[in-house]
Each structure stands twice: as structure tokens, then as C-alpha cells.
Amino acid sequence: MCYISFIYQFFNREGALTMHETVRRAAAILLLAVMAAGLCACSGADSGGTRGGSVSLSMEDPVTFRTLYSSEVETLNYLVSYSAVDTALSTNLIDALVDYDPYGNILPGLAESWSSNEDMTEWTFQLRKGVNWYDWQGKFYAPVTADDWVASAQYVNDAANDSAIQYMYATGSVVEKAQDYFDYTDYQMHPGYYDSTPRKVEASEIGVRAKDDYTLVYTLEQPCPFFLSVLSYTTYLPVNRAFLREQGDDFGLGKENLLYNGAYILTEFEPMGSHALTKNPAYWDAGNVHIDVISERYSPNAGEDGAARYLAGEIDRAVIDADALRAAFADPVMADEIHQSRPDNSWSYFYMFNFAPQFDAAYEPENWAKAVVSENFRQSLMAGLDRLNALRVYEPDTPELLLNNTITPQNAATAGGLDFTEYAALADIAARDSFDEEAALAYRDAAREELSAAGVTFPIRILMPYNPATAGWRQECDRVERQLEGLLGRDYIDIIVEAGPETAFLAEVRMSGKYAFMKCRWGADYADPLTWTEPFGKDSDYNFWHLCEDPKIVTLHEAWASKMSRASAIYDDEVKRYRFFAEAERLVIEHAIAIPFSISGGDGYVMSRLNQFEGEYAPYGIANQRYKGYVLHADSMNMEEFNAAYALWQAQKKMAQEVAR
Amino acid sequence: MNSKKTFWLILGSVVFLMALAVATFLTLNRYMDGETEKDVQEIARVHLQGVANEEVNRFNAVKKIRFAQVDDIEAEVRAMTAPDAAAVAETIRRNAAYQQLVSCVLVSESGRFVDVAGEPMIAYDDAEQLADRLRAGESVVSGGYAEMQQVIIYAVPISVPMEDGERSIGLLCMRPMDSFTEMMNLAGGDTLVSFQVLREDGSYLIRNSESVGNTAYDHMKMHMAAADASIDVKVRELKSVIGHDENYMLHVVHTDEDDVSENRSIYGTVLPESDFYLLTTMPYGVLDQTIEDMGRSRTNGMMFAIAALAIGILLVFFLYMSLSRQHIRAAEDARRIAEDASTRAEEEAEDAMRAREVAEDAMVELETAKDEAVRARDEAEKASRAKSEFLSNMSHDIRTPINGIMGMTGIALSHLEDRSRVRDCLTKIDGSSKHLLSLVNDVLDMSRIESGKVTANHAPFDMRTLIDNCASIVQGQLAGRDIRLIAEHDGLTHTHLIGDELHLRQIFINILGNSVKFTHDGDSITIRARELSCDGHTAHYRFELEDTGIGISQEFLPKLFDSFSQEAGGSRTTYKGTGLGMAITKQLIELLGGTVTVWSELNVGTRFTIDMPFEVNEAGEETPVSETGGSVDLHGMTILVAEDNEINMEIATMVLEESGATVVQAANGRLAVEAFAASGPGDIDAILMDLMMPEMGGIEAALAIRAMDRPDAADVPIIAATANAYQEDVDKVLAAGMNAHVAKPLEVDKLLRLLAELSG
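So the protein lines, in turn, are chains G and S. Just add 69 to wherever you are in the first sequence, counting from 1, and you've got my numbering. Just add 7 to wherever you are in the second sequence, counting from 1, and you've got my numbering.
No lab work stands behind these hints: they were computed from the structure. Since the model is a prediction, treat every value here as computed from it, not as a measurement. One or more of the hints may lead you astray.
[Said to hold, decoys possible] These stretches of chain G come out as covered by chain S in the derived footprint (C-beta under 8 Å, 3 or more residues):
(1) 586–598
(2) 623–629
[Unchecked claim] Examples of chain S residues toward chain G, derived with CB under 8 Å:
(3) 209
(4) 218
(5) 222
(6) 560
Don't be surprised by glycine CBs; every beta carbon is placed ideally from N, CA and C.
Let the sequences and hints guide you as you build the complete structure.
What follows is the structure, encoded as C-alpha cells:
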């Protein structure tokens, strides 16, 4: 069944491509032959490469995908790190309870099936049998059992292990006693930080329990309909308790200090040198792993010489620098190999107004504080900001691909057959471009009159910092400054673009309130609109509107908080939950508390022998980083092919979601 | 025997009668308590129902007036002949102003909400539901937010023309929520009860001071689950009645934040024609007191009855006792015999007791030993934990500057044409390198001190100069900050001393360095030296190093000198050093025969008091200071550099050549010996010798050069340059005939000066 659907999808997709059709058809036929041979040879065995409990990792003429990397992983300990560089390895080495298809539907992973109680506070998973842990040489270590998830939860929630992603147990999905255990263990390390002694909690009280070797139960403190979507996050990956104990602090130090149960085994790990991931022949879903070896070489200049090395046939994927794009497209050989990355809607960018400015007196924070509470003023910037013009820095020809009209991007959350942005409260906002010169000027005139009376001096100085380490941000700020000042007048606003520190930018600038108007971003952790509200929540260190004492802002914040708390409390009516979340988001946009801007452009423009639409996909978390499902093609798509494939993928995704519903 | 039997029979009867009386009274008491509680609950229910109904009536009355006021607007519109949209809007605006409404909104057939008068509305509790009810022809009370405040909405179905051509399905008139709360008397005032108004999903419309969470259910789960296992069932029941036209009563045990529990009754009722559900809560505080008082008086009465009964029975008993006294006397003899036997038994028992005490002592000793073992284990575990934490911190701290160095190097390499960028990168690399070096130095120092390899120096020095030097170093660190540095050393009589100036300076700089870090602008730092006593040979000094900075917490103070300990080691976002500085300082003080104590108070300041003896330098010599400034010119000099590391070789060559010297390179000791041998006598002016090199090390090479039979072999200056920076290394170098030793990384000025000096 699985092969049939794969063949169907494969040919369906190929039907839209023209340039490389012949090669791909041939590859498909070859692949089918290999699969058929595999089927005959395996005759039902699930581990063709296993011998005496261990697996052989050597193979003749492996299908190898070669690429460069310029940032080294900080740690292989997947239970503590959220860095995308780190998770890119771990998600391929350790399998999760659930898997994803290429359209974002959740599929069984290490859990074969699951069920929840009526109010979705207890989730029971039946684990796949016959899955094992192997060391880096393929030597059998132990079977994968339910205790591996219990051990993982106990490790992550022990404050002594200093996991940066412990919060995944305490927000959104709230695992019973996880936060209490964390607080208790933290108290033991830092009793001085606590006013009172937290209640003693044992690790065994955390709501993750092994009913037997293959039955795992999560108990939550509140109903969580989207619990499955948190499960592929690294803190919910399993770990073998005995191995963890044996390794102690060395866990995740090198390839020898990890165990593997996923699609690949890390057979080479030389920091600042190279990585090699070799296919795990005993992997339960080995039939969907089509690349035998992933070979990554360290190159600090990957961005500069990647294209040349790709063209020389040394590597199979290269990212094209935005500055080099025009020249690359002008070269017909290169142009035929370059295509865009799929826009990544797991990130949302938005311009924020700071309601509690903490910046230097030179930038007139008091004047700004008086101005920012005026809705006319905020609306003048919102209507005045030509977002497409700003986005041309990243997408010179098709900036609209990145444009996002809501905080929650399209296709990020769906309920009752409607995308979140299609709910009545957001539908008109999602469909419009907020840029409207005429309206901007009208708002400006109204604001000028209102603010002059309030004693605001003009031009209003607007401190707009950027992180110089982020490619394109400075150019974007320059464009925004020129465009907004040009439209609204330099006698009205004076945007001051200033570089912030390269390291700890967020802590120094955004979290410290040292900006007036700045682009911020948020990435989804799970599949529920709640995840996108975090930047506006109580104690948020984004725009500090909860600290503002202006009565209009106070009422707006109260109205938003009331909608939010009502939405969060609805567990039994997903449509109503979404409706209230949508109404809350409308408040934020309609009253220009934030200006929605864009989604992420992924890696931008690439040359790659991988077809991004073949891999797993989820609009949150780390499933997108898996190599499983990818086939190594003879060459890279060009833009025409990419556009066709993207359109086809969107149609297929819609269809697949309909079927899933 | 017979009379004894009778005695026991009667005593038994007395006890039985007494027990029976007590049991009867207790049962009766409990029964009456239960009955009283039922009665009180019933009273509470009736009271609550009464209070709630009063609120409902008040709500109905308010609502009736408000709806009537909306109807007035409608009547006025209806009275108009052929009303158009503009006239309708004007009528609404006029009425809104007259009735002092916050805002007025018309709802269109398509469900649009159009602001007509007053503040613009920014949110409705549930606009969709509101429109549905208006469409169904119902008047309804709901909630929402206008631009400046939370409002209560009185919505009445009205069909009038609207400005965009549609007809309306309803008119909403908004009034301040605060005025509604006041009018309904929902604040509770001095009454026993408190109110909360909920929406149909359990969320709060009007909270009271106790409301927590998003919904009333959250409140119940958070504050009523501790003492009530069935709270989930009660929450489900309440959920099922809210939103329906049902009243509901429940009794719960409420536990507040201080863990104080009390019984409460909660009565829920729908506010008619609205989205609201009223929860009225009555705490049992007062009723509990009443029940308790009643129970107490009843118990007192019963105790009195029991006492009277007991006295009666005892009287009977004593009467019998006097009659049977003769029998008792006869029994005396028998008892005496029994007593003798008993005495013997007691003596034996005493022996047994003594044996037991000995055993118990042994047990106590065993327990103490066990406790000590546990303590020792805990200590060991703690030390090991601290070490692991240290290692993890160190790996982070070391990695951070390395990352900086690598990152900046990368940036510099890719922007070679941009000189200011490269300079900026190099400045940052320099900073990171220095930080890294200080980390490594600290760790090495500590490990050397701990392994006892550090010894105290005895050399003449001047205390006053030392303190002034330290003060000027610290003053340098304070540049650009508003912190006052005071150095006091007046009244010292013996300042020419013999001791370990280097380590003493390190002690002062370590402590003062911390003061610099932990003081704010406006604070002061003081270093004070006093001579406590002197017998002519030994001077006892007291140093006080104090600051008015942020101070150290009392919890941390005892751990201040522990290795690897740092206050507030939670989030590591900035450099905080290695956690070894103070441990090194204490070890050094002890090495120099001194003692140290610390006083500190948060936000007041910190004072270190160091007492230390010094030998008085009776000769009164001062150590010469040989720091000469200015640049050094090595023109005309030829210097042989033996170094196996290419980068180090390049650095050394560049530095020397820039100062005018000619460099002869040798990649190891053997090549250096050959190069020297191949040169003419006097051609090589000096040799810079690395120690650890392949094929032939620096020591061996120096020995070989000194052993050569040529005029300059004995006195060509050889300077060892090595990363091995300890005293024993220096000794080895000098023993091999080399002239001096410089530590790596090379301090350029020092090296050049040394070369210039040695070469004459």
C-alpha cells in the first residue's frame, strides 16, 4: 500500500514538470526496480541488514547526498537544545512517537496507535514492537520501550540538566507535575531564589508513565486537543535510561555517546570537519529512506563558494547568496538549476510598537511614549508601510510570496474545515494589503492634530534597531526608513536605523525595551493558535503593552486578555476556540498594536538535488528537517519547475487534508 | 478471696457505668452536631437563595428600565414620518447624549455592527451569538469593550434604516460596567456573601477579589480540590447547568493561598434575558462559629452531667470500700510478702536496665557513625556535583571566547579590504584572547595551589609602594565610572618588609577587582593598611578592603571561598569568571601565614579583613623598579628564533623584525644548534628558545650551545619562551644556562626590553 501511494504521488508530481522529466522517469523506474527487488529479497523481514542483533552499516556504492555546513552543532544532547543546527541532526537520528507526511498530516511513528480520554487529558500510546537502540557502529544496545519516554521526561524536567526546552512540558500541553518537579529540583539547586519552599515532588510523579513495555501514558493538567503536535519536538524524544546513566555528563558529547533508533546512525562526527549519517538498515520504516549516506563537510565559506562547488559536481545542494542572485539568474547554466525554497510559514514576522520605551534620552522616549498610544499615529505607520517594497530585499521579483497579513500565518492551524485566517474575524484582514497611501496620509493628519494637542513634538523620532548578523535586515530597515519618511514626511517622523549588538541582540534590544518600532518574529511550537499569541501575552518581552497606563491601551489589552482567556478555556468546541482566538488577533491588528509583515523565506534560493516537496512537512516543530522520504535527483529544479511543483504540492496538500478530515 | 472478687466486680460495674454514660453522651452530641449542621446549611441555602433572588430582582428592575430607555429611542424613531438613515442616526446620537450612554451601535441584517454614537466599540463578548438572538427577536443583556472601558450592553431588536441601505435587526446601548456593578450592589459591601458574574462558558464577566484563572471552574480546581475529592464532579455539574435556565446549589471546602480551609455554600442562578450567570458565595466563617458555640455549650452541659453521675457512683464505691477495710488489712501480710518478692524482682530489673543502657549507648554511637558516613557521602557528592557544574561552566566559558575569536577571525578574513572592520575584529579578538588567558591562568593557579606547588617568596619590598601600585591598577579599571577609590596607609612605622609581594598584590587585586565589578556609580572602594604591632622583627599588619557595593547574600557568604562557587549561578548570560578567584585568594592568604574574614550585607557593602605577619627588613632596602618605558630599537641585531609552531614563529618574527632585528628561524632545537654553529662568532646577538620542540627540546639545545667551543657560546643571551610559566620551569631554564624566561603568550614590550637589556 505504501509503495503504491508513493508511486502515485511520485508520478503525479512529475506530471507537472517538464525540463527533467526523462531523467526523473528513469529514476522512478530504477527506484521501482530497487523497491521490487527489496520486496522480494526481504520477504517480510523488517531488518535486511541485521546480523545477530547488530546491524551492518557498510554498503557498496551507497546513494550519497553531499552538502556543506558553516555552523557546527553545539551539542548532540537533543534533550537540552533547541538550536535548529542541533535539531537538524537529532531529528534524523532519533525517532519520535509521531511522524508526518509531506502535507502536514500526522502519521504513526514509534507509536503505532493512540487514544485519549474524553476531555483529552490522558493520552495512551501503543508503541511499535521490534524497534531497537543501536550504537554508532550498529551494535544492538536495547529494545525501545515505553520507559524511554519516561526517562526523557524525567531528565528534561530535572532543573539540574538545564534543558533550554523544558517549557514544552509546561506551556500549551501541560504535563502533570512536570513544572512542579522542575521547580522543586531548581529549588534544591538555588534555595536562595525562592521565597517559600516548593512542595516536594518525585520524578515518578511526572505525568508520563509506562503501563507496560509498549504502552505509554501521558497525563495532562488541562485538556489539550493538539497534544500530538508537540510530540515530535526534541524534548519528547525517547532516551534509554541505562545508557543515559552510564554516560552521565558525557551524554551527547560525540557520536559514541548517543544511541540511535531513527532513520540514520551518526557514523562520523568531527566538529568543524565533517558529519556522516548512514542509513539504519533496521529502521522500522527503512523503505521510505532513499538516501544511504548524508555527508556534510564543514566550510565557513559555504555561502560564497557553494554555487561553484555545486556546478563542479562536488556537492548536491548549495544556497545562493541574495546579493549574488541577479548575476546567477543571468547565467543560463545556473539559472536552470536555481529555485526558491518553500516559504516557511512556521515563522511569522511582524513590526512591533514598544509601549514602554527604555531607550536613551537622545531618542526622546517620552515623546515616543506619548505618540505611540495614539491609534491614528500607529495606523499611519501601518497604512504607510509598503511591505512588498521592504520584502524585495529577500524576494526581488516575487515579494508577495512572503507577505503575511495576519500574525498567525496562513495554513498554520485549521479547525472545522477552515484555516485560522479564514475565520470571520480575520478573513478581511487576511485578504487585504494594509498598505494604503491615502489612508496613511489621512491618519497622519489626524494624528498630527491629536498629538500636537497632547504636546508631542515633531518630527517624532523612531528608533528602529536591527541585528547586523541577520542577512538583509539592514537593507530592509533602510528601505523602510526611506519609504515611510518619503510618504509621511520628514517633518512628521524621523526613523533612526541603528545597528544593535550581533550577539545577544534580543536580550539587549527587544527584551530590554530599547527600541521604538522594530521587526520581531515568532516561531510555532505546536499546532494550535495559542502558540501564536505568546508575543502579546502577560509578561511578554515583546511590546510591553501590559505596562502601558494609557486608558485606551489598557482597555484594548483587557479586551484582548478577556478574549484570550475565554479562548484558552474552551477545549470541547474547536471552532469556538478558534473563533475567539481569531477575534483576539483581530484586536491586535485592527488597532495596529502590531503590523503583520511576512513569513520566513526558508533558505532563500538554492541549487539542490533534493525536491523539498518529497520530505516530511509540518508548519511547526522540526519534522521539516528530516531526510526521510527524499530521493536524490539527477539535477536541481529551476524556477519554472519549482513553481509548478509548489502549486501541485499546495493542491495535493489541500486534498490530503480533506481526506484526513 | 471472696471479698476481693466482689471488690473487682463492683469496680468493674462502676467503670462500665461511667463508660456507658460517656459513650451515650458522645453519640448524642455527634447526632445533635449533625442535625445542627443540616439546619445551618438549610438556613444558608434559604439565605443565599434570598440574597440571589434579591440580585435577580434588582437585575430585572435595572434591565427593565434600560430596555425601556432603548424602547424610547425606537418609539421616537417610529414617530418620525418616513425616517431616513441620517435622521435615525441623529435621533440615536441625541438620545445617547441625553441618556449618557457610552456608545450606541446598530446591528445590520448581515450581522455587521456599526458604531452610531459615543465611543467606538472594540470588542463584543460574543458578537455572533448577540446577532443571532436579535435576529430571533429577543432582547438581551451582554458585555463588551468600548474604546476606553468595559461596558454592559442592552440590546433590543429594532428595524430601522441604516446609512448603507441595509435595515437594522437591533440597537445596542452601552453603559459602563462599573455603574452596573455598583447598581447591582455586586461589590457585596459589608454582607457575608460575595458575587461573581459569569458568561455561559464559565469565564468571568465580573470578578470578585478571589477570582483566579480564566473561568470559575479554574478557581474551583485550584482552590477547592485540596479538601474535596469530588470537585471534578461538581465542576461538571456546574458546567451542565450554566447556560441553561437552572439554579444550582453546592457546598465546597475552599482552601486559600495560606492553606486555610473553610466551608462554603455557592448558589448559582441565571440572570434572565442575558448571557450572564450569577454565582453567590457564602463562607461559613460566621455559621461555623455559631455551630461551634452551640456545640461547646452542649458539650459543657454533658460534661457536667457526666461529672455528677461519676460523683454519685464514686460515693457508692467508697461506702463499700470502708466496709471492706478489714478484709484489706488481712490482706496486708500477704502483700508484704509479695513486696519482698517484688523488691528482688526490681533489683533484677535494674540490672537489666543497666544492660539496656549500655546497649543503647552502643546504638547511639552506631547511629552517630552512620550519620557521619552519610554526611561524608553528601559532602563528596556535593563536591563532585560542584566539580561537574564547574566543568560544564568552564567548557562554556572557554568555548565562548574561542567562538568569539573564531567568529571574528572569520569576519576579518572575509573583510580584509575593510581596515576599520578588521581593526574592530582584532580589538574584539584581543579582548576574547585576554579573557581566555585569564580563565586558563585562574584554573592553573588553583590547581597548582591545591597540589601544594606554590611556595611563598621572601624578598624585600615596600608596603606603601605596593598599596599605591594596587590602587593605581584599580583606578585604571575605574576609568569612566563615578566610584571613589581611597587608599589609606598613614601611620605605618615599618614599611620596608620581607615577604611575597607578588602574591600579596594578587590577593589585593583579586578582592578589589570584585569590588569594582559589584559597585555602582556613586559607591566607594577603600583599601586600608594598619600596623597592629611590631616586636622589631615581625610586623603584624591588618588590611581592610571594603566597598559600598551590592554586598553578598547571607546564604552565599559561607560558600564565598569554596572552589567553583559563584553566587546566582542560574542563568549564565555574561562572563562571571571561573568561580576560582576567591578560592585562590584565600589559599594565597593562608600560604602567606595570614587569615581572612568577611563581613557583608546586601546593598550595604562588603569588607574583607586580612591579618598577616611580615618580617621587618632591617636593612631597609627597597626593591629596585626596573620599568623603563618607551619603544625599543633592535636595529642591527640578529636574533635566532627556535620555535616549532608556525603561527608562533610568524608572530615572533614579525614582532622582532618590526623592531628592526634580523631573524634567523629554526624549526626545532637541533636546527637552532646547527644554525648557531653555522654562524660566525658574534653574528647571533640573542636566541629566543621555545622549550617543547620535536627532535630536540629547548633545554637540550641551550646546553648544547653553551657547551660549544667558541667565544660567544658562553654568553650569547638565550631567552626561553614557553607556555610553561611556573617557577620550577624558570629554575630549569636558568639551570640549563639560559639568561631569562618569558611566558607565552608573549608580552611584546617586555620581551623587547629584555632583549635590549641582555644584549647590552
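Evaluated hints:
| no. | hint | verdict |
| --- | --- | --- |
| 1 | 586–598 | violated (count 0) |
| 2 | 623–629 | holds (count 5) |
| 3 | 209 | holds (7 Å) |
| 4 | 218 | violated (11 Å) |
| 5 | 222 | holds (5 Å) |
| 6 | 560 | holds (6 Å) |
In terms of the numbered hints stated before, the structure departs from hints 1, 4, listed from lowest to highest.
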